[in-house]
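Starting from the known structure of chain A, fit chains B and C onto it as the hints suggest.
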Amino acid sequence: MSTFNHADSSVSDTEETQSGEGSGGVVFLFFLIGLAASLIVGWVVFPKLLYSQKHQPVDFNHVLHNELVSEGCESCHFFREDGTFSGAPKLAQCIECHEDVQGESEEERKFVEEYVKKEIEVPWLIYARQPDCVFFSHAAHVKTGKMDCVTCHGEMGESTTLRVYESNRITGYSRDIWGHNIAGFKRNTWDRMKMDDCAECHQQKKEMLGSVQTQKEGCFVCHK
Amino acid sequence: MKNEHDHTSTKKFGMVINLDLCTGCGSCMVACMSENNVPFKEDESDKLRSITWMKVYKLTNKRPFPETDICYLPRPCQHCEGHDGHSPCVSVCPATATDYDMNTGIVSQIYTRCFGCRYCMGACPYHARYFNWFDPVWPEGMEKYLNPNVSPRMRGIVEKCSFCYHRYQAAKDKAHLEGRKEIEEGEYQTACTQACPAGAITFGDLNNPDHAVYSLKKDPHAFRLLEKLGTNPKVYYVSSKEWVRKAGDNYLENERPAWK
Amino acid sequence: MKIDRRCFLSLGVGAGAGIALSPLPWKITDDLSIWTQNWSWTPVPATGEFTTVNTICTLCPGGCGISVKKVDNRAIKIEGMTDHPVNGGGICSLGLSGLQLLYGPTRIKTPLKRTGERGSGQWTALSWDQAIAEVAEKLNAIRTSGSPQSVACISGATSPTVSRLIDRFMAAYGSPNSLSVPTFIDSYRAALQLMHGVAANPGFDLEHAGYILSFGSGLLDGWGSPVRTFKANSGWKKSKVKLVQIEPRLSRTAAKADVWITINPGTESDLAMGIAHVIIKESLFKADFVQNYASNFNEQFRKLILDNFSPETVSKTTGVDSASIIMIAREFAKAKNPLAVCGRGQGNIPGGMNEFLAVHALNALVGAINREGGIWAVADMPVSDWPAVQQDSTATTGSRRPRLDNAGTQAFPVAMSLLNQFSSALISGKPYPVQALLMVESNPVFTLADSESTRNALNKIPFIVSFSSFMDDSAALSDLILPNHVYLERMEDVASAAGFNRPLIGLCQPVVTPGLDTRHVGDAVILLAQALGGAIADAFPWDSFENCLEETLGDQLETLKEKSFVVDEGFQPDSWATAFHTPSQKFEFIPTALASKKPFAPINPEGDASAFPVILLPYDTMRISSGFIGNPPFLTKTIEDTVLKGTHSLIEINPKTAQTFGLKEGNMAMLQTPKGQAPVQVHIDDGIMPGVIALPRGLGHVAYDSYLAGKGVNINRLIGSVPDPVSGLDAAWGIRAKLSKA
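Residue numbers (our numbering), protein chains in the order written: chain A, 1 to 224; chain B, 1 to 260; chain C, 1 to 742.
Calculated directly from the structure, the hints in this document are not laboratory data. Check before you lean on any hint, since a few could be wrong.
[To be verified] Here are the simulated SDA-like pairs of lysine to any residue, each with C-alpha atoms no more than 20 Å apart in a straight line:
#1 C:K336 / C:V259
#2 B:K58 / C:P655
#3 C:K240 / B:D20
#4 A:K90 / C:A46
#5 B:K144 / C:V44
#6 B:K228 / B:W243
#7 C:K69 / B:Q169
#8 A:K224 / B:V150
#9 C:K69 / B:M142
#10 B:K246 / B:D219
#11 C:K138 / C:G116
#12 A:K205 / B:K181
#13 C:K237 / B:S240
#14 B:K58 / B:D69
#15 B:K144 / A:P131
#16 B:K144 / C:R107
#17 B:K218 / B:R245
#18 B:K47 / C:K645
#19 A:K224 / C:Q37
#20 C:K27 / A:P131
#21 B:K174 / C:T51
#22 A:K143 / B:R180
[Unchecked claim] Restraint-style ranges between C-beta atoms, simulated for each label pair:
#23 B:T60 / A:M147: 51 to 59 Å
#24 A:A128 / B:P220: 48 to 56 Å
#25 C:K664 / B:D46: 15 to 23 Å
#26 B:R118 / C:A17: 38 to 46 Å
#27 B:G179 / A:A36: 52 to 60 Å
[Claimed, not checked] From chain C, some residues computed to sit far from chain A (all C-beta separations above 12 Å):
#28 S393
#29 S424
#30 N456
Every residue gets a Cβ at the ideal spot worked out from N, C-alpha and C, and that includes glycine.
Next comes chain A alone, as it looks inside the complex:
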């Protein structure tokens, strides 16, 4: 037993010495490979895996429509009399113009045939949809706070086509909530729509801070 042990250890000693010369480099190389691979996974592969890509049921040209309406965004995204916000238009509004095909666009034809004629609401994928626990008052922000649509929604009105909707496979949220940048960095006000982004503004309104727990605004102001 003891003989065998001795021989074994002497062999390994020799090997260690032999490989020892270049081993620091190799080990470091492996470190770099690991680092590089995981950085690629973390920054490139992970976001691709995390989000599924969905196409809108019908494409929509905001620019084209904006030219034809008189009141800007509010022509279709309007406030109801009770102060609630209509959000994405319902078929009933679209039908006012689109009872029959108006132009030559393939998408419009699809819209009229698949939805208008069959009286089926278009299942639009809402980029800015907040989860059920959030109460957001458009009236408070747009009417009283005099904020522009762009502040949160970006240049949506300037788009000629609807971009791909990315859905988080874990949470089911739209990618717009976390923001396009996987690290959560943002350059524009509309790049992210997480709670902290709301809080950025809300913390500045000193007279509204009533929370005993957080010294910020009351939780019920934005939650339900």
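Chains B and C alone, transformed into the frame defined by chain A:
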């Protein structure tokens, strides 16, 4: 924690419930359940596990027939202010899931924030908080009646009466649209207040002299539940019967009530 | 170069460092925490445009206006209609639960045909065409065999036009057996018929009453139109109007009353007579009315009262001390706008005419008839004429046969329909057997007294058709179900609210488009008539119920669609000079028609006192719906655990009574009556008279859904019907019983 607020300029929503008018019919309970997406199970006779944000208690004077008397007492969340908003439940919440808002006087409960430790239930002297032991299940088709203004809860969290805060939000939405800063008394009423067939519940801003509750709470027969604990609740009760007032404060037999 | 263990470790460290330098861990943590907050099985209600639809609630005869909130095409909340004259914004717990009936699992989704044994719950779905054809075939066969009278119909329809349509169908088909579901209003109608000589509904001017003497009426337990009565009570409390409740049990009404008079059950009419005695003896009555507008007062009524009902005598039977009788009599007679009311509990059982006649006589004594704050005779609304039914010879012969329930016969001339006497005719098969039964908005197996024998009686009928929207206890026993829309999907007129004192008509309007394969019962009847053909089809010139409704209501329909109700605000009841159309053209304290009877004799409970030492009383509560509508889950959730615990009904018992039976709180006991027995749990309560025990009405369903079926005891299993000697209606207010430890 100190809040630098001028309390007179802020709102303090509260209720005055006239127990002489309350008939114990249970409309307030059902109005609350149907407004706030409160779930139900096949067997709800185990009242410790039956979620009723608004619950009507039956008090008796414990006298033998025919001197027996009954009084019904509806109990929503009392929205305790404690001292400076340190209500019993808010003080113990480790998750910032429940909070006291100095601007409205409402104790909020954020379901997605709650992780179900149930400290608040232990702290609440009114049994106003309920734990979801099970995931709510609506029989197929019944989820159609759910109110979109109140989010349905999930298993493992605590819930309670919110004074129908979503109705305040809705009323404010309308005010924002119409360019008004304030809402009218009638624009924000809780579901139970609105439904009560006897008109026993009055709701409004306790700080606002124009609101009915402002003067009603000064009724000589008004009292609050367990006032001596210092919870400083915002639900007032009125009863012309002395035994009811005594029961409401949980005085021991032969103990001298505070108002004497 | 060799790759060794350290290389792999290094690779791992590098990978770890890389991951740490990437957003992955933080993003995953955030996402996972969100994931735990959004389980896929927790519903997220869709938002949309909020709208409100006004309609009338028909879940009870209360006739309240409701405003139903909708989000897009979903109904999400029922609220009271603020400008409705009956409920003015208030709403009861049953009305609030209506959406659980609309969207609930107990709805019948399509026409069904029984496939297994009766009541086995095995069904196969049919199309409407098939279902109508099957019913028509059966009814045709019965008619061809020459016995159309052997088809009967039980209807609890809340729409007058639907009721007329059903009566018309039965007339055209050739059967006299069109039965309705009676309530205390029918007893009041009989009283008005006998004492005033008019066909009218009782209207109570509750809002202006100055003193209320209630003989066991559950004014705050669902009597009449509950929300209206609750509102009136709040008015009484604010203006210090006294409410005196006479009842052996501390009901909610008794608890909120200013005075609770505990009385031996069943002796209420004696007490009314005792009070009349004091009023007459002390000349406190309204002399003008008694002398000028009433007949047979001095010679008959006065003598009857003074001879037999002195406070001392009455005190012995009722258990109410004579001082209290005298005090109440004086207060009542001297009060401004006094009003006495009766009809026990919610008034679901019509009750004994002795009480109705005695209490109405009290009102007459103090001049509370057709006066402010009193009881008014509100004449039936005129209806538009339909062309008379042209019966063929089969129909003429059939409808001349005697009614099976004895209504309108020499024995019971006042009654229009006596549902309580129907099942004994079914069992005896005399004078002829019933071959087919139609049931509309009624659940006789559950709501009729002696429900076991009703069930047996129904089981003798070869063919039963139910038009119920729900799988109720009776629908479960039927052979074919042709499901009706529920009220929130229907368009139909609604009769005035029970006890309302002005002419009123409401319109039930569809809040949502029907989501199941159901049809309005009016349409089903028209289709059936058309399928039967000949003179029956000719009697129905309408192509749909809506068409029939349009023709019937005429111009009024547009107003109704807009406002949901039409009320005659300025209505005044007839003056005393013109109000009475009896043989004497005056108010009759003792109706001429009853001269040979003993109209004020008390109704005794069934059972032998030695074998059954205590009296079992049914009671009503706002938290249990005991009629055709079964409790929705929300309502059941509000039932106290002193009333229902698990599947056990709790029996209310005084501690003294419990002691005599050796029972303690929470014990299981066997409750026995001459009609049957049931296990109950004991709940000791000081609020009930010794020697009396009580169970609520409305529990113990065997059908409906798992939220209701099998909970508690149906008290109708334990109580039989006692026909009133005058009206023939059910007058049973309780039954003798005993308890033994189980």
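Are there hints from earlier that the structure breaks, and if so, what are their numbers? Structure breaks no hint.
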